[in-house]
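Please arrange chains B and C on chain A, whose structure you already have, making use of the hints.
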Amino acid sequence: MIITLLTDYGLDDYYVAAMKGVILSRYSKARVIDISHGIEAQNVLSAAYVLLGAYQQFPAGTIHLAVVDPGVGSSRRRIILRTDRYNFVGPDNGLFSLVTPEPVEAFEIQPAAYLPASVSNTFHGRDIFAPVAAALAAGIKPEELGSSIRDPKRLAPLAEVTGSSIKSKIIHIDRFGSAVIGIERRQLNSDVLPRSFAVHAGGAVIEVQKRFYSEEPVVSGEPFVIWGSLNFLEIAVANGSAAAVLKLSCGQEVTLELG
Amino acid sequence: MIITLLTDYGLDDYYVAAMKGVILSRYSKARVIDISHGIEAQNVLSAAYVLLGAYQQFPAGTIHLAVVDPGVGSSRRRIILRTDRYNFVGPDNGLFSLVTPEPVEAFEIQPAAYLPASVSNTFHGRDIFAPVAAALAAGIKPEELGSSIRDPKRLAPLAEVTGSSIKSKIIHIDRFGSAVIGIERRQLNSDVLPRSFAVHAGGAVIEVQKRFYSEEPVVSGEPFVIWGSLNFLEIAVANGSAAAVLKLSCGQEVTLELG
Amino acid sequence: MIITLLTDYGLDDYYVAAMKGVILSRYSKARVIDISHGIEAQNVLSAAYVLLGAYQQFPAGTIHLAVVDPGVGSSRRRIILRTDRYNFVGPDNGLFSLVTPEPVEAFEIQPAAYLPASVSNTFHGRDIFAPVAAALAAGIKPEELGSSIRDPKRLAPLAEVTGSSIKSKIIHIDRFGSAVIGIERRQLNSDVLPRSFAVHAGGAVIEVQKRFYSEEPVVSGEPFVIWGSLNFLEIAVANGSAAAVLKLSCGQEVTLELG
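So the sequence lines, in the order shown, correspond to chains A, B and C. According to our numbering, the stretch in the first sequence is residues 263 to 521, in order. According to our numbering, the stretch in the second sequence is residues 263 to 521, in order. According to our numbering, the stretch in the third sequence is residues 263 to 521, in order.
Isolated chain A (complex conformation) (with noise of 0.2 Å):
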């Protein structure tokens, strides 16, 4: 049984490996696949968009774990979502959104015997997340984890239409320095943009489209826009970082007007 692991604790610390150990000593059989650990610390939306970006590679069965959770201690809930294919596990801040339908199974995790009994105050990735995804792994069901609930939370919708005008704003920025915008292909009618169309962000004016990042003609620093891989609308720069070039930073507000 896999069971993949996203969180913004990053590397250099003795985190995810606790994270690790405790899943084997309770389930050896687990198979613990890393999504990311290097999500911007705290930044509950670009860890939405970077499991989005993986969770449907994995086989049916497969145990979601996320923990991106600045609420760490307060009393913010704990669940468990189950779909058709996957179990996620986290904290309910809204970080399944873009995974999960709604409505979904939603459980919140109860205080039981498949969790240690002294729990921590800063590190529930480890002293219940990682015991709950051992647990349904092992083949508990999350039922006997949590008491079932209505309203996970959910994140606000990424973009707002206003006639040919679509509002939104950066959730991701990437290792080459692209910035994702929250606008998916298909609320577009065409893969193309229109001919004419223009993409604000940061002060900038962006009037050209790639298809690939390098499709000619190259021009170093130049910004364009493109589908990115999961068809989200992308803002890069030829040979450069588009973040850096045009100074762009998660949370920034981008307008897309279709001409």
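No lab work stands behind these hints, which were simulated from the structure alone. If you're wondering where the values come from, they're calculated on a predicted model, not measured in any experiment. Heads up, a few of these hints could be off.
Same chains, same names: a pair is fine if it fits in one copy or spans any two.
Here are the simulated DSSO-like cross-link-like pairs (lysine-lysine), alpha carbons at most 30 Å apart as the crow flies [to be verified]:
#1 403 with 291
#2 291 with 429
#3 415 with 472
#4 429 with 415
#5 472 with 429
#6 403 with 415
#7 472 with 403
#8 472 with 291
#9 431 with 472
#10 509 with 472
#11 291 with 509
#12 431 with 403
#13 431 with 415
#14 431 with 291
#15 509 with 403
Chains B and C alone, transformed into the frame defined by chain A:
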């Protein structure tokens, strides 16, 4: 059989993968789990702390291989330490001080059939420690890999108590910029610091304690202390990095005055 | 069956996890081991060097999947190379030059039953190379995945000898800031550089050789050369980063004068 890896090699080079290849070539059933490869270069104390945070989560029988090794190529010894639950493999420089009792069964690794004929001067992780860990995983006893020694190196004590004052230093800075101090909860008589206390670190004086990071009131930029998930005292800053805000670095002296 | 992964995708995004999910969904028994995902973006030569450092440690039969691919989406070919011990999968841009003989059995990957019907323009690691690696791991022969070709691309030679002078360049900078030069030990007649030699790099002249990094006398900040663990010449600096101190970067010209 699980072999964990802890090094300061980083993940960008071939070093860690070469070690994994050596292990899997010599013992194909090994399950290799990374603890961290992002230890500050040659910072043995920080490595000892990270190992402390992860090692005991792993099942009995796990082999913990750690290489943070400023003296590679010199005459420092290479050792195996054996405890009730684990074997530890690495250079003899105090790296295992926080995770092994004193005294501990110790063996100095000797050239043997299990090691390659040719050993580089620069990469004992690949040429010595990985083959030894693979041999241990395959069931070879420490006695067959080395000769018993009595005095493995240990790090100096982390804290010094004088009256109502405890002097220590910063032993690790984590991804979030929290600075871990070498003072443990069990050294105090109470979970809560006394009403009046002061932590002196890098010119700052901290007199606020929190139970969890987001505990109210949250004052952005305000430093506080907190018992971390390993029960060491940490200096943190709300919505920020304590290391950046207070200009803290590993090795810096810290004093806790109990009022 | 082991599949290794080498990319410049970084570990912060979903890219590597998506590839792992694809592989495990198609061949659940695969053991996926990371070589590195921290290659400098689009630096094919640095990737070739890192692959060289790790590949031969893995057991015979291992599939080495590498994607550093400035030309993704363009007409560059996708290839499988087969040697006595391994299969290599990736773009045809010279990435495998340092680890395969010349000539080598080569196949151009063709659309086939093993590939998804829909392939993105931006992410061939997920859509082409991961499915091909999974197919190879499952026992499908390269012949069934592509058509034989004769001229896979190779990188230019790394060093040029003129009399007692060897001209090369910096091919990789490692985590510690050591700069690897494209000059190999076997190109010289002796393990020890002659009494009088000089390495010219970025304005500096280096005339000191060490056998291991901490060899005495250790003069902080002093640059020296050393044979690295792959037997390439490296420029290092005691207690520091050669790249930072001497302002070195990949691609920079270096000359070794033998006296």
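How the hints compare with the structure:
Taking the shortest Cα distances, residue 403 and residue 291 sit within 30 Å of each other both inside one copy (17 Å) and across copies (25 Å). For a Cα distance limit of 30 Å, the shortest separation of residue 291 from residue 429 qualifies neither inside one copy, at 46 Å, nor across copies, at 45 Å. In this homomeric assembly, residue 415 and residue 472 come within 30 Å of each other (Cα to Cα) only across copies, at 27 Å, whereas the closest approach inside a single copy is 36 Å. Taking the shortest alpha-carbon separations for residue 429 and residue 415, only the intra-copy value of 23 Å comes in at or below 30 Å, while the best inter-copy value is 45 Å.
Only within a single protomer do residue 472 and residue 429 lie at most 30 Å apart by alpha-carbon distance; the minimum there is 21 Å, versus 40 Å between protomers. For a Cα distance limit of 30 Å, the shortest separation of residue 403 from residue 415 inside one copy, 22 Å, qualifies, whereas the shortest one across copies, 48 Å, does not. Taking CA atoms no more than 30 Å apart as the test, residue 472 paired with residue 403 passes in neither setting, with 47 Å inside one copy and 36 Å between copies. Taking the closest pair of Cα atoms, residue 472 and residue 291 never come within 30 Å of each other, the shortest separation being 45 Å inside a single copy and 38 Å across copies.
With identical chains, the CA atoms of residue 431 and residue 472 are at most 30 Å apart within one copy only, with a shortest distance of 20 Å there and 34 Å across copies. In this assembly of identical chains, residue 509 and residue 472 lie within 30 Å of each other by CA distance solely inside one copy; the values are 21 Å within and 35 Å between copies. Taking CA atoms no more than 30 Å apart as the test, residue 291 paired with residue 509 passes in neither setting, with 46 Å inside one copy and 44 Å between copies. Proximity of residue 431 to residue 403 under the C-alpha cut-off of 30 Å is found in neither arrangement, the shortest distances being 38 Å within a copy and 46 Å between copies.
Proximity of residue 431 and residue 415 under a CA criterion of 30 Å is satisfied intra-copy only: 20 Å inside one chain copy versus 42 Å between copies. In this homomeric assembly, residue 431 and residue 291 never come within 30 Å of each other (Cα to Cα): the closest approach is 41 Å inside a single copy and 41 Å across copies. In the homo-oligomer, the alpha carbons of residue 509 and residue 403 never lie at most 30 Å apart, since the shortest distance is 47 Å inside one protomer and 48 Å across protomers.
In summary, the numbered hints that this structure violates are 2, 7, 8, 11, 12, 14 and 15.
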